[in-house]
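Full structure from sequences and hints, please.
So the sequences go chain by chain: S, F, V and D.
Under numbering that gives the first Met the number 0, the first residue of the first sequence carries the number 0, and numbering increases by one thereafter.
Under numbering that gives the first Met the number 0, the first residue of the second sequence carries the number 0, and numbering increases by one thereafter.
Under numbering that gives the first Met the number 0, the first residue of the third sequence carries the number 0, and numbering increases by one thereafter.
Under numbering that gives the first Met the number 0, the first residue of the fourth sequence carries the number 0, and numbering increases by one thereafter.
These are computed hints drawn from the structure, not numbers from a lab.
For every residue, glycine included, the Cβ atom is placed at its ideal position computed from N, Cα and C.
Do not take every clue at face value.
What the hints assert, rightly or not - Every beta carbon over 10 Å from chain V, so not counted as near; a handful from chain F, in silico: (1) F27; (2) N151; (3) Y160.
To be verified - With the C-beta cut set under 8 Å, the calculated list includes, among others, these residues of chain V facing chain D: (4) T116; (5) H185; (6) M196; (7) T200; (8) K211; (9) A213; (10) R221.
Single-letter residue listing:
Number of protein chains: 4
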Amino acid sequence: MSKYQHIREEAYQANMQLPKLDLVLFTFGNASAADRSLGVFAIKPSGVAYENLSPDKMVIVDFEGKTVEGNLRPSSDTLTHAVLFKHWDKIGGIVHTHSTYATAWAQAQRDIPVFGTTHADYTTADIPCAPPMSDEMIKGNYESETGHQIINCFSSRQMNYEEVEMILVGNHAPFTWGKTAAKAVHNSAVLEYVARMAILTEQINSGAPRLKDALIKKHFERKHGPDSYYGQS
Amino acid sequence: MSKYQHIREEAYQANMQLPKLDLVLFTFGNASAADRSLGVFAIKPSGVAYENLSPDKMVIVDFEGKTVEGNLRPSSDTLTHAVLFKHWDKIGGIVHTHSTYATAWAQAQRDIPVFGTTHADYTTADIPCAPPMSDEMIKGNYESETGHQIINCFSSRQMNYEEVEMILVGNHAPFTWGKTAAKAVHNSAVLEYVARMAILTEQINSGAPRLKDALIKKHFERKHGPDSYYGQS
Amino acid sequence: MSKYQHIREEAYQANMQLPKLDLVLFTFGNASAADRSLGVFAIKPSGVAYENLSPDKMVIVDFEGKTVEGNLRPSSDTLTHAVLFKHWDKIGGIVHTHSTYATAWAQAQRDIPVFGTTHADYTTADIPCAPPMSDEMIKGNYESETGHQIINCFSSRQMNYEEVEMILVGNHAPFTWGKTAAKAVHNSAVLEYVARMAILTEQINSGAPRLKDALIKKHFERKHGPDSYYGQS
Amino acid sequence: MSKYQHIREEAYQANMQLPKLDLVLFTFGNASAADRSLGVFAIKPSGVAYENLSPDKMVIVDFEGKTVEGNLRPSSDTLTHAVLFKHWDKIGGIVHTHSTYATAWAQAQRDIPVFGTTHADYTTADIPCAPPMSDEMIKGNYESETGHQIINCFSSRQMNYEEVEMILVGNHAPFTWGKTAAKAVHNSAVLEYVARMAILTEQINSGAPRLKDALIKKHFERKHGPDSYYGQS
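Set out below in structure tokens:
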């Protein structure tokens, strides 16, 4: 048995959640799971239908993007995953989808404003939309540069990837991450839900204000602060 | 067997309806069922997935919010339920969700206007949106204060909680109630349906008028007046 | 066995299609099937959940609205059905729902413009929205007057109920009909589909023009004219 | 066994995908599969419900629209398929639906702008909306002229049907095609998905810009250029 069986299994389970949660059409998405002690991650093979996936079809790739184990070609977005795993050393899973509402915000090139507590339960910030990449980046190593565009967006805004686990890449689509692949999938579903409510909020009240600071702080701390009291500890 | 078995079962059944009716993503919601003779209610444990629930996992809490029976931590919204049960002595069940359309109206901080008979079959009033809470309330006992915010909204508008069994908490999400937990769930689904039709109505006709008084009265009385003639009596 | 068994069965099957086609929430709708030789129709009992229906629970009512057979109270909308069956002698089935998009147009008090061939395949006219009823009509025999409001709308616009088998009642919701209950159900689903595309059309192009006359005529005649060539004849 | 069994099977499978992918209500769509060596295509019979289809019910038609084998009347849109198969000799399958969002763009008479990479993965161009047909064309051989309208639109815009495999016919609905019937179905689903995200994009940002040229080129070449690297080669 492969010594990567555990992340093959984890990546497989995460990928299979994407169609179940209505986050992908056909093969428009991919999830990965990393083992940092081994310096590799497992990722969906490119263009293979979800119903044909199995743990043994996951491709094992190192943080430079080199295939370590597997006969299939990894996701065309593999280098974006590799760059994020390499630079952000606390994340264990990444998900990329073209989910409808989050992608529409990315296409509109707008941050998603924090309009309510559902959003604040996950992050205190507007969900950032990185600007579309420069022509030089696009013509270069595109997928690798997509990863750098994400990292640069967080750096320039002084945002912390452990506090905000999601981003929109302008004109493209969302990426989410987390300590595990399962958490990254969870974040993708939440992002889609929040993105949908945000457009409805603006349609109901074009001048809808951002959530007040006290509520942003309160809700985030309910779930994440040192005194959090959500869930079973 | 627990002497609270009947409300454990009632709360369990009500909670299980929430994902079935598409009112919740993941664990974004909770239902409770009270036994007033015993002075307690059963409520969903915090952060436990619906597919992992069972009647014995419900937590029994008194109207001050103190856990009476159960090993799990109750919903983080428990104190809101407790305050409402304590102050409104005719209700037997409460539901809280972040359902998409109702939450969008809450985020937009607008009452839902009564645009048609579907709405009037349930209440003669616009569905109220309580203002976002003050910073003092937020920094205090937040969930308890959420309950007071709801009660204050009804008092200041001179509304009757037996005639209007639903509210939006500004920037947050809806709460509904009823004589039973099942009725509170029913009201949550109706609220979501009405909220969706209301935004569509304004999109089709930005100057759509409120329902005329004669129709509001007629439809409410068809279902609720002393001469009601809907359903099997 | 009841001599009304055939219309009990027909009405039952039609009612069961309504939740299957996503046209109703809970009990927000009803279908009826008439036997003109017997001068009666079968209709859903009031407020009974679809999953609890069976042919023997349908209520048999005459065209004056008097119950002829059955122990349950018939739909609260029964008199509307009765008036339509009585005045329009070519229809064999009627459906009433509060389906989301059609009801939103009714609440907006607007006719649904014929924007495309999907609509023209069914009717050459805009789908009419009858004005909300007068206070006198509402305070009178409300459900009976709803039927008269529908008939008056068709008369005043010189529309033919055999060519246009659907209407919106302003501030209320849609009614559809047809030679059979199954056709009335079919029309309800088409109306909801057309209503949804019409709002989207206006959102994409606020100045979208009505379909040109030549296309309206062509598509209607493909399906309905003496030289129709749609389907298996 | 019919010598057309292979395309009967292919057309059947393609048609059955349409309701599964939520692209059709009732019988509002049809798919065809051609065998160019035999000079014929198999197409759905007119007005037959999908659940009643089987391979042997497909109708075999030549590229002039003449039925070659089969007892049922072919789809009323058969001549449109025939014209496209006759003039565009690299396509093996065609799909026509009235899918909600694509049809709404057709009714709005607007091209769908390329707003993001999801779109650019399929085509570098805005998805064209052919103008509504002239009264002469409508009164002539309507379905045949619909095919010519599509071909004329591509000619006048100097577009290549192998690079852009989809079109909207103004006031009517979408047509898609591909090397196989399965690819034509795939394109119908992608078109609907892209059409939905495009309207949302404009609602979020009414001034949303088209995708920049470098990204359009990059994404299309990832999937389609000589150096494409998507999927398993």
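Holds or violated: is there a CB of chain D closer than 8 Å to the CB of M196(V)? Holds: closest Cβ of chain D sits about 5 Å from M196(V), inside 8 Å.
Could you let me know if the closest chain V CB is still more than 10 Å away from the CB of N151(F)? The assertion about N151(F) holds, with a minimum of 30 Å to chain V.
May I ask you to test the interface hint for T116(V) with respect to chain D, counting a Cβ-Cβ separation under 8 Å as satisfied? holds, 5 Å
Is the nearest Cβ of chain V still more than 10 Å from the Cβ of F27(F)? holds, 20 Å
Hint check: is the beta carbon of K211(V) less than 8 Å from a beta carbon of chain D? At 6 Å from the nearest chain D Cβ, K211(V) passes the 8 Å test, so the hint holds.
Hinted contact T200(V) with chain D - closest CB pair below 8 Å: holds, 4 Å
Report holds or violated for the interface hint on R221(V), using the least CB-CB distance to chain D and a cut-off of 8 Å. holds, 6 Å
Would you say Y160(F) is clear of chain V, with no C-beta pair closer than or equal to 10 Å? holds, 22 Å
H185(V) as chain D interface residue, shortest Cβ-Cβ below 8 Å: holds, 7 Å
Does A213(V) pass the interface hint, meaning its C-beta sits closer than 8 Å to a C-beta of chain D? holds, 4 Å
Every hint from the earlier list agrees with this structure, and none is contradicted.
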